[in-house]
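If you read the sequences in order, they're chains A and B. Our numbering puts the first residue of the first sequence at 1, with every later residue one more than the last. Our numbering puts the first residue of the second sequence at 1, with every later residue one more than the last.
Watch out, some of these pointers could steer you wrong.
Ranges of calculated distance between the beta carbons of each label pair, as one might list FRET restraints [claimed, not checked]:
#, chain 1, residue 1, chain 2, residue 2, range
1, B, MET39, A, ARG1, 12 to 22 Å
2, A, ALA67, B, LYS68, 39 to 49 Å
3, A, ALA29, B, ARG41, 41 to 51 Å
4, A, GLY54, B, GLY3, 23 to 33 Å
5, B, GLN17, A, GLY16, 16 to 26 Å
6, B, GLU14, A, THR18, 43 to 53 Å
7, B, THR20, A, SER93, 24 to 34 Å
8, B, PRO81, A, GLY54, 27 to 37 Å
9, B, MET40, A, THR108, 20 to 30 Å
The set of hints was computed from the structure by calculation and includes no laboratory data. As the structure is a computational prediction, the values presented were derived from the model and not from experiment. Idealized CB from N, CA, C, for every residue including glycine.
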Amino acid sequence: RKEVEQDPGPFNVPEGATVAFNCTYSNSASQSFFWYRQDCRKEPKLLMSVYSSGNEDGRFTAQLNRASQYISLLIRDSKLSDSATYLCVVRTSGSARQLTFGSGTQLTVLP
Amino acid sequence: DAGVIQSPRHEVTEMGQEVTLRCKPISGHDYLFWYRQTMMRGLELLIYFNNNVPIDDSGMPEDRFSAKMPNASFSTLKIQPSEPRDSAVYFCASSRGASGRSGAYEQYFGPGTRLTVT
Numbered sequence: 001r002k003e004v005e006q007d008p009g010p011f012n013v014p015e016g017a018t019v020a021f022n023c024t025y026s027n028s029a030s031q032s033f034f035w036y037r038q039d040c041r042k043e044p045k046l047l048m049s050v051y052s053s054g055n056e057d058g059r060f061t062a063q064l065n066r067a068s069q070y071i072s073l074l075i076r077d078s079k080l081s082d083s084a085t086y087l088c089v090v091r092t093s094g095s096a097r098q099l100t101f102g103s104g105t106q107l108t109v110l111p
Numbered sequence: 001d002a003g004v005i006q007s008p009r010h011e012v013t014e015m016g017q018e019v020t021l022r023c024k025p026i027s028g029h030d031y032l033f034w035y036r037q038t039m040m041r042g043l044e045l046l047i048y049f050n051n052n053v054p055i056d057d058s059g060m061p062e063d064r065f066s067a068k069m070p071n072a073s074f075s076t077l078k079i080q081p082s083e084p085r086d087s088a089v090y091f092c093a094s095s096r097g098a099s100g101r102s103g104a105y106e107q108y109f110g111p112g113t114r115l116t117v118t
């Protein structure tokens with residue numbers, strides 16, 4: 001079983017739609033959680049950290065469910081510029097720095 | 001502020017040749033990471049450094065790969081000899097230290113080096 005699993009998609013949604021991605025992680029000792037986005041042929045860029053109480057950044061909302069070991073990302077009022085691959089990222093060990101990346105969920109927002 | 005800088009951006013080489021990839025982390029960041037990304041395997045951590053010292057190189061695929069960080073502002077990843085299966089995008093990322101502080105574990109990526117070995 002992969003450490004971090006995501007639905008690869010693709011998700012094709014119209015502009016203005018709300019779309020949600022889920023991600024599950026296998027190690028209950030995981031400590032830190034992030035969502036990164038990666039545009040085609042570009043580097044991954046940090047979208048947002050995910051906090052235990054859930055957090056929001058504009059149109060983006062991230063939730064963490066430790067009991068079920070899943071993380072979600074909700075995008076409201078999607079824009080064409082949101083088209084990208086969204087990577088779920090987990091840090092497991094308390095002091096270590098390694099991040100484990102999911103394989104990503106591809107989103108295309110259609111005009 | 002300048003982000004992570006990588007060079008070259010593209011490298012095409014023949015099998016058996018030596019390849020050297022370069023990275024300059026964000027100033028003030030204590031951690032530097034080398035990743036490889038392929039369609040088949042996704043993003044894989046190869047090695048990471050803390051204060052110029054290699055901490056975990058368990059992801060380095062084999063002895064053909066080596067990495068150094070001679071100072072806080074420069075690191076290299078070398079492949080010798082290169083093989084076609086090494087073709088991938090190689091990313092360098094950096095993060096700051098101070099565990100426990102907000103944002104301490106966030107990593108910032110460079111634009112990558114697209115390596116093609118023929």
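Cross-check of the supplied hints:
no. : hint                              : in the structure
1   : B:MET39 with A:ARG1: 12 to 22 Å   : 21 Å, holds
2   : A:ALA67 with B:LYS68: 39 to 49 Å  : 44 Å, holds
3   : A:ALA29 with B:ARG41: 41 to 51 Å  : 24 Å, violated
4   : A:GLY54 with B:GLY3: 23 to 33 Å   : 29 Å, holds
5   : B:GLN17 with A:GLY16: 16 to 26 Å  : 51 Å, violated
6   : B:GLU14 with A:THR18: 43 to 53 Å  : 50 Å, holds
7   : B:THR20 with A:SER93: 24 to 34 Å  : 31 Å, holds
8   : B:PRO81 with A:GLY54: 27 to 37 Å  : 50 Å, violated
9   : B:MET40 with A:THR108: 20 to 30 Å : 22 Å, holds
Of the numbered hints stated above, those contradicted by the structure are hints 3, 5, 8, listed in ascending order.
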